[in-house]
Each structure stands twice: as structure tokens, then as C-alpha cells.
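One letter stands for each residue in the lines below.
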Amino acid sequence: MERFVDLTLNGVTYGMIYAVVGLSLVLIWRATRVLNFAQGAMAMLTTYIGATLIEHHASYWAAVAVALASGFVLGGLIERVVVRPVETGPVLNPVIVTLGMLVALEALAGIIWGGGLRSFPAYFSQVGVVVGKHRVAFSHFDIYVLASIVTVLVLLVVLFRFTPLGLRMRASAFAPEVARLLGVRVGRMLTLGWALAGVVGALAGVLVAPKLLLSPTFMDAVFIYGFTAAVIGGLESPLGAVVGGLGTGLALSYVGGYLGSTLEALGALAILMVVLMIRPQGVFTRVTSRQV
Amino acid sequence: MTGIEVNDLSVHYGPIVALGGVSFVAEGGATTAVLGANGAGKTTLLRAMTGLVPADSGSVRFGDTELTHRRVEDVVRCGVAHVPEGRGVIEELTVEENLRLGGLWRRRSERDSFAEVFELFPVLRSRRNQHAATLSGGERQTLAIGRALMAKPKVLLLDEPSLGLAPIVTRQLMARLASLSRDEGLTVVLVEQNARTALSIASRAVVLNLGRVVVADSAEVIAADAQLRHHYLGF
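Each protein sequence line maps, in turn, to chains D and G. Here the numbering used here is used: the first sequence runs in plain steps of one and ends on residue 292. Here the numbering used here is used: the second sequence runs in plain steps of one and ends on residue 235.
One chain only, chain G, in its complex shape (with noise of 0.2 Å):
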């Protein structure tokens, strides 16, 4: 399994360093979770990886491709999907068409990716054709993941999956992304600003703050670690 290296990667809006020389190692198969306050750079780290920003310096690989000045259409083709905040559904299209739409890059005999992702999130299956925008907030999060996951991607990129939802509603998101990365080896990056969240399911995690790598350490030992918690995570 096939893991993504971030290295030095810096971005500016203007005059305002939103990334400065970020590095980490997202391991393959595993979630690695990204936490940080407002601000932190999270959505722009992710946003960097997948080209949406352009990046001043520095370099973004997949194995043994590189990602960096790669055309955004084209990232997905080398198996990087990005789910972006605000849940990106689109409500005009129906939660089929939401659907076919992530898989109608790839070859016409491996499209049909529908049984799988029913399976995984039956409620899509009942409201097939309705249009995403009478989802609940709950059902549209799903729909983007399932929508990602229409093109079989070895790497998942979810910013703030969380917004928004009930608590158990997360809860029950958050197992169903746990369960993907175990069972099919989904390498996971998870951006959170709910850290309590993302540092139960993740294995390591990356803490940012303005723009810059704070520290990079397993789940385990960033849950623990009190003051790292109190000033950066908020909890």
C-alpha cells in the first residue's frame, strides 16, 4: 500500500503565508489526521495537494507519482480523491447522477461501482433519485464520500467531514471511514477541526498551526499529550 508524501510544501495568498514548508507522511492504509485550529492551513494543505491552489514550493508524491503541477482533473486519475468542505455535493443533479458522475472518468467497463458503495451506505440506495439538495446534512456527507469512493481511489482526502453534523451522526460516519481504511486499505487523510473526533479513528496525526507543522506523532501519543491538546486542539 502505496502512502502520500507531502515535502516542504508552502503556499501564499498575496502577502499571507498559509503554508510554510509543510512535511509529513501520510502511510498507506492507514488515516492519518490533520488537526488545527481556524486558520491552521488545513483546507489549504489539502486544497495544495490536489493542485485546487497552486503551491509556491515544494512537492506532493503518491508512490511513485508525482503530484505536484499536475492538473486537477488529473489527480483523481492517479487514484488521489478529494472530497472538498462544505460537503460538495451537487444539488441540481439527483444522488445517481451525483454518484455517476465521480466514476465516469474511468474506462466504461469499470464504471459501474454502484453495488459497492450501496452496500456501504444503504441509505443512497433509497433516495437514489432524489436530488441531493433535499439530503440532510448527514446524507449529503455521505454522499460526497461515496461519490469519492465511485472511483475506486487509493487515497482519500476529506476536509471537515464533520461540519455540521449531530455528534452521533459523526460517531457514525467516522466508524464507516475507519472500517474503509481497515478492510480496503484506504490510505485517509482526514482533515478535522474536531480533533477528539478525528484522533479516535486516525493512527497518527498532524498538528497545524498557521501555516506550519507543529508536530507529527501517533494518535496515541497526541491524545495524550495534555498541553499540545489544551493550546492547539481545544480539548
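Looking at chain D on its own, in the form it has when it is part of the complex (with noise of 0.2 Å):
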């Protein structure tokens, strides 16, 4: 039971970082119908900047606060800069400029820090708190970890479904024709949309950083789980990413404690397959035909 009660909140701790990351890709498919394959590496690069800083005798937070900065510009400037000439030619050309991004930053990364692993500190106990007589698999920097994801997510939701900003991103990322000619400036929200997500995918990076060790690749697999999240909910929907992610979290927690921490990107892969096989337009999404 102890054991059922650790692998829960450790589960539930990564997933809600997967759901993070499945939520920046979320964001970005919403905003310009691209999958961003160099979202991980984004964050890793963002990461590494954040690292950079605390060596260099900064404050947590002051790192933290510029790896989300440098997330909204990197996502920013990826968008104008490499998405946006390709993004009217074939589906196929987006997906392709995303790989070579997740490539070439991988390895600007490895010119720029090396390839060795280096460790990102925890600004909280990662120490288990202790509960009656028994220390759990929970400690504060993990509480810290969710009560920041979850500000993060309602921040979001204030900003999407309360602020004309929040209207306008929906709208360009409906309609972008509609919205051009009711006045909004869709190019800018687009931008904006990867800008953001460029944050959320950061702060999963700064996150998650402390619990694994930095290298060019260590986001590697948090994006795939990530990525089982977002397709979990369809691509489309933030909350079905969010449940995405937890149940991913949760489910290789499960596959890593029961059945060997060795199974755990096998479990990932069999949780999208039966996804893909029994619903492959996603648990969240109504499936609905669009007029064009």
C-alpha cells in the first residue's frame, strides 16, 4: 500500500509536467496546426540558460524568471523566423523544419555546454515530507512543482476565456480569415501563441530539470511523454492534455515501480498505440466537420 501510495505521487508529480508539455504543444498546434517536434529542445536550451546563470552566482529565481523570458522569445522568434515561410506549403514542410530544429539546437547546446551532465539545482527539499510515521515520495520541491504548474494553467485559462487578448488568440487560431477581417492582427497572435508556449515548455524545463541531470538530450523523453499527453487529449483541448499528462504520469509509475523502471518508454509507447487504435482523434476531442 506504502509502495501504491509513492508511485501515485510520483506519478502525479511528472505528470503534470508531461501535462505541461503536452499543453505547449497544445498551444502551438491550436495557434498554427503544427506539431513542434523542438519543443523539448526549447526547453532544454532554455534550461541550460537558467543553469548558466545559477554557475554564474544568480538567484534562483532570477534564473528561473530569464529561462522563461528566453522560452517566450525563442518561441517567438522560431515562429516569424523559421515556421512561418513554410507554413503554407505542404503539411510535411513544418514537420520536417521542426525535426531539423529539435537537431540543430541539440547540438548548438552541445557546441555551447558540452555534452556532459550537469545538475540544475532545486530551490526546495527534495526530501520526502514525512506523514504520520512514514516518509512519502512527495517533498516540497515537488509541492512546489505543482502549485507552480497549476498557477501556470489558471492563468491560462483567465487569459484564453477572459481577456480580449485571450479572444483574439482564439479566434486566429479558428478562423484566421474571419478574424483578418473583423480586425485582428493574426500574424502577431500566432506569434504570440508559439511565445507562450515557448514559456510553458521553459518552466516544464526548469522544473524537471532538478530531478533529472542536464544534458543536450535530457528532454528528450520528458517531450515524448509530453507528447503521448497532447495526443491523449486530440491535439486540440488544454484540459485533455492536462488529464493526458497525468494519466501518462501516472500509468509509467505504475509500468516503472511494478513491472521495472526498464519498461517505462515501452508503457509510454503501448498507452499511444491503444489511444491511437481505439479513439485516434483523441479522448477529448468531439470530432466535428468543418465547412472550409
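These are computed hints drawn from the structure, not numbers from a lab. Please read these numbers as outputs of a predicted model, since none were measured by experiment. A virtual CB, placed ideally from N, CA and C, is assigned to each residue, including glycine. Hints may contain errors.
As the list claims (entries may be wrong) - Rough simulated footprint, nothing fancy, chain D against chain G, three-plus residues with beta-carbon under 8 Å:
#1 73-79
#2 99-106
As the list claims (entries may be wrong) - If the Cβ cut is set under 10 Å, some of the chain D residues that face chain G in the computed set are:
#3 P164
#4 L167
#5 E177
Unchecked claim - Quick list of simulated restraints, FRET-style, between CB atoms:
#6 G137(G) with M277(D): 32 to 40 Å
#7 N129(G) with Y144(D): 35 to 43 Å
#8 I16(G) with A62(D): 55 to 63 Å
#9 A265(D) with P15(G): 47 to 55 Å
#10 L239(D) with D64(G): 34 to 42 Å
#11 E66(G) with V274(D): 52 to 60 Å
#12 P90(D) with G14(G): 14 to 22 Å
#13 G100(D) with I16(G): 30 to 38 Å
#14 L266(D) with R125(G): 50 to 58 Å
#15 P164(D) with E116(G): 13 to 21 Å
Using the hints, put the two chains back together into the complex; each one sits in its own frame.
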């Protein structure tokens, strides 16, 4: 029972991180219909930037703020410079371009920071808290992880549901041509969508980094699990990405805990296959035919 | 009241001439119908007027404002609203969000045109919190027009508003448009395949065929010309 509780808590923490990565993919997908394979690599880069600042004696919070800000800039920049020119071409072009970005960013990180492993400090204790007589697998740092992710989710909901800017962004994503006729600067909204996704991805990076070790490829696995989360949700639905992330995190934690950690990646693959076979449109997407 | 003046507008899709030098004037405060068969270039004409398709040559002027080569997003800021073909409501948003979007580019203090639009189209008030996807065809068209009016435009470009609507709904809609033009001084350019209905509310009409103007005259003259009706308008 104790083991089950530990695995569940562990699954929830990781699940929320996958959820955030999935959410950043959903933001980009909804804005530009591009699956951004470089999302993990972008988060890796911004985390390295944060780590470098900390190594140069910047405070943890300053480093996190700079990492998030560079995620914003990087996301917007990539949309404007790299994705925009290929958007109107065949659908495969943006896929190839973002895959290229993935390779390029990882190579760039290798050139700047080397391929070796680095640590990223956790601001709060990573030792599990004691509940009753037991020390559970849930630390102060995990509480901080969950709290910051929930805060970001709430902020995004408020932005999209209740602000004029959010309304413009949704309109640009759903019906760009109509939005332009109504005076919405759609190009700017799409850039902003990528920039926000960059922030959300950067957050996932700095939150997961203390649990792993920093290397140019350290976000690859996190990206794949986040991708699984987004696909389970149907790529369209932010809520779907969150539920998908939690589900993936829990499932992988149980698989790793009861069947052996080497089977984790296989577990993600199995989930992905089952979901795609039973509901290829994702669990949270209503299928609607769209008039063009 | 300012009218809109189209001068020698040409659009090519590759080797195909969609518009071959179209000129006409839509008088201020009046309704001008643009008629013609499928493929005559009616939709392309409207889309070229607001910049959704780039014009190869020619110009579009609204009073002293040059609209040619302006960005689509800026045309509505000049007072020209375009309701595209196929209703153009955003199904994923609620009725109220659709409407609010229409006035969002305006200054905050000037944004609230809800009351006027609801007075004009009461059905929208009762549906305001529903998703646009749940509306009927007529309600969607009403929403699309109401949303355009949120921008308080001086010119309204309408692309086939009667498409897919029951005849009685079409008649109601046309009566509403006629009163908008008459009472508010709105300049309306009405693209229609349904020539009979359009001619009943328009004061002038332009007939297009294969991207060129066949005739531009008052609505009565065109409605009375049996040969023209037979050849180009199908009634």
C-alpha cells in the first residue's frame, strides 16, 4: 500500500510536468496546426541558460525568470523566422523543419555547454515529507512543482477565457481569415501563441531539471511523454493535455515501479498505440466536420 | 455619405482571369447588388476589395481612403466590413464572443454596440451564451451580419447571405438589410446568386459574367430587361 501511494505521488508530479509539455504542444497546434518536435529542445536550451546564470551566482528566481523570458523570445522567434515561411506549403514541411530545429538546438547546446551532465539546483528540499510515521515520495520541491504548474494553468485559462487578447488568439486559431476581416492582427497572435508555448515549455524544463540531470538530450524523454499526453487529449484540448499528462505520468510510474523501470518507455508507446487504435482523434476531441 | 469606387480591378488565379478590369461605383447610403452566375467573379470581387486576394491591377477607393494594397486587418478600421461567404461565424466561440470580436479593434470606450445589435436582431440576445455551432442557418447569417455591425461600419460587403436559407428567412433578412441602408445610411454591396431577391431591395445592380461587367444600371431597369435576366440571372 505504501508503495502504491509513493508511486501514485511520483506519478502525479511527473504527470503534471508531462501535462505542461503537452499543453505547450497544444498551444502551438491550435495556433498554427504545427506539431512542434523542437519543443523539448527549446526547453532544454532555456534550462541551460538558467543553469548558466545559477553557476554565475545569480539567484534561483532570477535564473527561472530569465529562462521563462528566453522561452518567450525563442518561441516567438522560431515562429517568425523558421515556421512562418514554410507554413503555407505542404503539411510535411513544418514537421521536417521542427525536426531540423530539434537536431540543430541539441547540437548548439553541445557546442556551447558540452555534452557532459550538469546538475540544476532545486530551490526546495527534495527529501520526501513525513506523513504520520512514513516518509512519502513527495517533497517540498514537488509541492512547488505542482503549485507553479497549477498557477500557470489557471493563468492560461483566465487569459484565454476572460481577456480580449485571449479572444483574439482563439479567433486567430479557429478562423484566421474571419479574424483578419474583423481587424485581428492574426500574424501577431500566432507569434504570441508560440511565445507562450515557449514560456510553458521553459517552465517544464526548469521544473524537471533538478529531478534529472542536464544534458543536451535531457528533455527528449520528457518531450515524448508530453507528446503522448497531448495526443491522448487529441492535440486540440488543453484540458485533454492535462488529463493525458496525469494519466501518462501515473501509468508510467506504476509500470516503472511494479514491472521495472526499463519498461517505462515501452509503456508510453503502448498507451499511445492503444489510444490511437481506439480513438485516433484523441479522448477529448469532439469530432466536428469543418466547413472550408 | 461616401460611396465605394472600384476602378479597373483585375485578379488572376494563375493563367485564369477571375476579374478582368471591373469598374463600378456603389453609391453611399444605398444598396448595390452584384449579380451573376456561379464563377462570374462575384466572390473574387469582394475578396479583392478587402485584400483577401491580391489584385493585379486597379484600385478600390472609399471616399478619400485608398483601400488598394491595404492589409486585410486594416480595411475594417477604414469603415468597411466584409461578411464572407459561408456565414463565417466562428463555431467554437459563443454568440457573445463572436459579437464582441467584431468590435474589439475599436477603442475601449466605443466598443459596446451590443444593445444596438440586439435591438436589431433580438434572436441573438436570447442565444448569447450558446456556441455558434448550435445556431440554425438563418441565425448564423444574422450573427455574421450583427458581428460586422459591431464595428459600426460605413460600408457592408455581403457575400451570398441567402445561401442555404429558406425563402421566408431570406425575405426577412433582406427586409432588415434594406432598413439598415435606409435608416442608418449604410452603404451595402450585396453579392447574390438569388437575383430576384437582391433586386427587390437594391437601388442599383452590377451584372458580372466571366469576370467582366456586362451591365451596371438601376435595379428596376435590370429587373425589367427580360433578355438580360434570361441570359445572366436565370429568372
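Checked hints:
no., hint, result
1, 73-79, "holds (count 5)"
2, 99-106, "holds (count 5)"
3, P164, "holds, 6 Å"
4, L167, "holds, 6 Å"
5, E177, "holds, 7 Å"
6, G137(G) with M277(D): 32 to 40 Å, "holds, 37 Å"
7, N129(G) with Y144(D): 35 to 43 Å, "holds, 38 Å"
8, I16(G) with A62(D): 55 to 63 Å, "holds, 59 Å"
9, A265(D) with P15(G): 47 to 55 Å, "holds, 53 Å"
10, L239(D) with D64(G): 34 to 42 Å, "violated, 50 Å"
11, E66(G) with V274(D): 52 to 60 Å, "holds, 59 Å"
12, P90(D) with G14(G): 14 to 22 Å, "holds, 18 Å"
13, G100(D) with I16(G): 30 to 38 Å, "holds, 36 Å"
14, L266(D) with R125(G): 50 to 58 Å, "holds, 56 Å"
15, P164(D) with E116(G): 13 to 21 Å, "holds, 20 Å"
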